[in-house]
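These protein sequence lines map, in sequence, to chains A and B.
The numbering used here puts the first sequence at residues 1 to 314.
The numbering used here puts the second sequence at residues 1 to 232.
Treat the hints as calculated values from the structure; they're not laboratory data.
Remember, it's a predicted structure, so these values are computed and weren't measured experimentally.
Built from N, CA and C at the ideal position, the CB exists for glycine as well.
You may find that some hints are simply not true.
Stated by the list, open to error - Here are the in silico distance ranges between beta carbons for each label pair: (1) B:G13 - A:A197: 14 to 24 Å; (2) B:P12 - A:N213: 43 to 53 Å; (3) A:V16 - B:Q73: 17 to 27 Å; (4) A:A229 - B:D113: 36 to 46 Å; (5) A:N213 - B:G140: 20 to 30 Å; (6) A:Y37 - B:R64: 14 to 24 Å; (7) B:M137 - A:A61: 55 to 65 Å; (8) B:R72 - A:T20: 48 to 58 Å; (9) A:P283 - B:K132: 18 to 28 Å; (10) B:Q73 - A:V193: 18 to 28 Å; (11) A:M259 - B:R119: 34 to 44 Å.
Stated by the list, open to error - With the Cβ distance kept under 10 Å, some of the chain B side facing chain A (calculated, not the full set): (12) G38; (13) L69; (14) R72; (15) I74; (16) I106; (17) G108; (18) R150; (19) A154; (20) L172.
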Amino acid sequence: MARARRTLRETGTTGVRAWTRRHAFSLLSSLGSLARYPLASLMTVAVVAFAIAMPLALHLALDNIERAAKQWERLDTLSVFLEIGIDQPGVDRLTSRLSTWPAVLAVDPISPQQGLDELSRQLGLEPVDDLLADNPLPWVLEVTLAAGTDRAALIQRLQANERVDSVLVDLRWLERLDAMTDVLGQLAWLLAVLLAAGVAVVIGNTIRLDVQNRREEIEVMALVGATAAFIRRPFLYSGLWYGLLGGLLAWAMIAAGLMALAEPVARLGQTYGEPVRLLGPAPAIVVAAVGGSALFGLLGAWLAVSQHLRRIDP
Amino acid sequence: MISFQNVSKRYPGGVHALNDISFELGRGEMAFLTGRSGAGKSTLLKLIALLERPSRGQVLFEGRNVGKLARRQIPYLRRRIGVIFQDHRMLSDKRVFDNVALPLMIAGVSFGDIKRRVRAALDKVGLLDKEKMYPPMLSGGEQQRVGIARAIIARPPVLLADEPTGNLDPALSAELMDTFLQLNQSGVTVLIASHDLELIKRLGQRVLVLDDGRIVDDVGRRGGPGSGDSDG
Chain A
1 MARARRTLRE
11 TGTTGVRAWT
21 RRHAFSLLSS
31 LGSLARYPLA
41 SLMTVAVVAF
51 AIAMPLALHL
61 ALDNIERAAK
71 QWERLDTLSV
81 FLEIGIDQPG
91 VDRLTSRLST
101 WPAVLAVDPI
111 SPQQGLDELS
121 RQLGLEPVDD
131 LLADNPLPWV
141 LEVTLAAGTD
151 RAALIQRLQA
161 NERVDSVLVD
171 LRWLERLDAM
181 TDVLGQLAWL
191 LAVLLAAGVA
201 VVIGNTIRLD
211 VQNRREEIEV
221 MALVGATAAF
231 IRRPFLYSGL
241 WYGLLGGLLA
251 WAMIAAGLMA
261 LAEPVARLGQ
271 TYGEPVRLLG
281 PAPAIVVAAV
291 GGSALFGLLG
301 AWLAVSQHLR
311 RIDP
Chain B
1 MISFQNVSKR
11 YPGGVHALND
21 ISFELGRGEM
31 AFLTGRSGAG
41 KSTLLKLIAL
51 LERPSRGQVL
61 FEGRNVGKLA
71 RRQIPYLRRR
81 IGVIFQDHRM
91 LSDKRVFDNV
101 ALPLMIAGVS
111 FGDIKRRVRA
121 ALDKVGLLDK
131 EKMYPPMLSG
141 GEQQRVGIAR
151 AIIARPPVLL
161 ADEPTGNLDP
171 ALSAELMDTF
181 LQLNQSGVTV
191 LIASHDLELI
201 KRLGQRVLVL
211 DDGRIVDDVG
221 RRGGPGSGDS
231 DG
């Protein structure tokens, strides 16, 4: 009995160390099979990388656009239409009063004459005042808001003033942009889900072919007493590697893309007179993309291997 | 050790490979299984290692009905049985060393121990200088001996061999049988399927004769393990 127990320990079928050794064997075996067909492995990794990079790039683009839109919003102005019949000193008083509000960065009064000139220029007409006996336009104050202003509250406060006729906010294009980025953001998520499933399918298919090619090896392993888990493990590791390497390659492609775009984007920013810098993905996003890719690789491998090993039935 | 009780095996399509087989092989016993090809020798061996399941009857291994064994228990049964196949079942893209080491890697033995034991096993079958070769570079006899090394490396209590001398010349066959005898003397239960009647007779061990799926003769059955009388 004592001898039997010793033999068992000698053959190392139990214990953490034996478990570790078996895992090390599976790990090396999986790396070996990846290295045996480097071109095929590289192609699988590349396909996975493209699938991961696409939604990631879309997410990044939207992230940057949203950030830029925030800046544009700040640059936006309110048009405050004053009552007809207000005189120049009245306008000046209101202008200087509004300028003292902390929420207001600048106030730029536009006289009815200036407004009419601008209008006729925009319409490409002869000076309109020739046609009109009386200038129908009111005084307008272009109010530039300070950063972080509660726009709605300010508008209310402006409208409360008895000299103010109405406040016009031309934010429609920004709202449209917002809505559009929302749509594209949803699309990015949808794409991410679809392509994650694609990653699982691509890796699963690669593993399936691998299982087919190594059918003989699997049978022999089963003959000499390998458990199903032991046979499955190298394939699961392979799936994990494909996903992980694909995710890392996707990240590298994104990083390269950001570097290539940095220069033209900076030039674009200069034309607007303000520095624009592309922001890379947040660390959490990178971890999620690479980790998710590895996870879906593992999932695909697991599905393929379980399906296929059952059919081989060693 | 191994006991067949009214075992039948019928393959899909109605082919009766084995028909109502009953025999017992004691611990430490050695026996040959002979008969024409197609008599059911391979099927009988496969039933022991659970490569096939019996259609009827019971196969007991160490007192346990292997037909009732759960799927996940099968690997542990196979680790207690070394099998040598007629077609070697070598992995052609793995070196001789790795082929022989496979059962130990599966068991999770440390690499130092694997190295030592694989060398010892290869030495025993006279192939120590071929450990870095790939199986297709070896002759049929050499591959067969690699198969033996793999079958004995994990020191299983039972050794099954299917036509181990199938394509060897007489001198090599005799040498191989010596190896089996030695293993048997060290306590391993050995069952060998072979149609090499000349060789079998010379060794004077128990012989089970199969014909058309039935045992038609059981010659030289020993009284039990250890007793040396034989009348074959």
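Each hint, compared with the structure:
1. B:G13 - A:A197: 14 to 24 Å: Cβ of G13 of chain B to Cβ of A197 of chain A: about 42 Å, so the range 14 to 24 Å is violated.
2. B:P12 - A:N213: 43 to 53 Å: violated (28 Å)
3. A:V16 - B:Q73: 17 to 27 Å: Since the Cβ atoms of V16 of chain A and Q73 of chain B sit about 23 Å apart, the hinted range of 17 to 27 Å holds.
4. A:A229 - B:D113: 36 to 46 Å: For A229 of chain A and D113 of chain B the Cβ distance comes to about 22 Å; the hint is violated.
5. A:N213 - B:G140: 20 to 30 Å: holds (25 Å)
6. A:Y37 - B:R64: 14 to 24 Å: violated (43 Å)
7. B:M137 - A:A61: 55 to 65 Å: Once the Cβ atoms are compared, 57 Å apart, the range 55 to 65 Å for A61 of chain A and M137 of chain B holds.
8. B:R72 - A:T20: 48 to 58 Å: Given about 21 Å between the Cβ atoms, the range is violated.
9. A:P283 - B:K132: 18 to 28 Å: With a Cβ separation near 47 Å, P283 of chain A and K132 of chain B fall outside 18 to 28 Å, so the hint is violated.
10. B:Q73 - A:V193: 18 to 28 Å: violated (41 Å)
11. A:M259 - B:R119: 34 to 44 Å: For M259 of chain A and R119 of chain B the Cβ distance comes to about 54 Å; the hint is violated.
12. G38: violated (22 Å)
13. L69: violated (13 Å)
14. R72: holds (7 Å)
15. I74: holds (8 Å)
16. I106: holds (5 Å)
17. G108: Nearest chain A Cβ about 3 Å off; hint holds.
18. R150: Cβ of R150 of chain B sits 7 Å from chain A, so the hint holds.
19. A154: Holds, about 6 Å.
20. L172: violated (24 Å)
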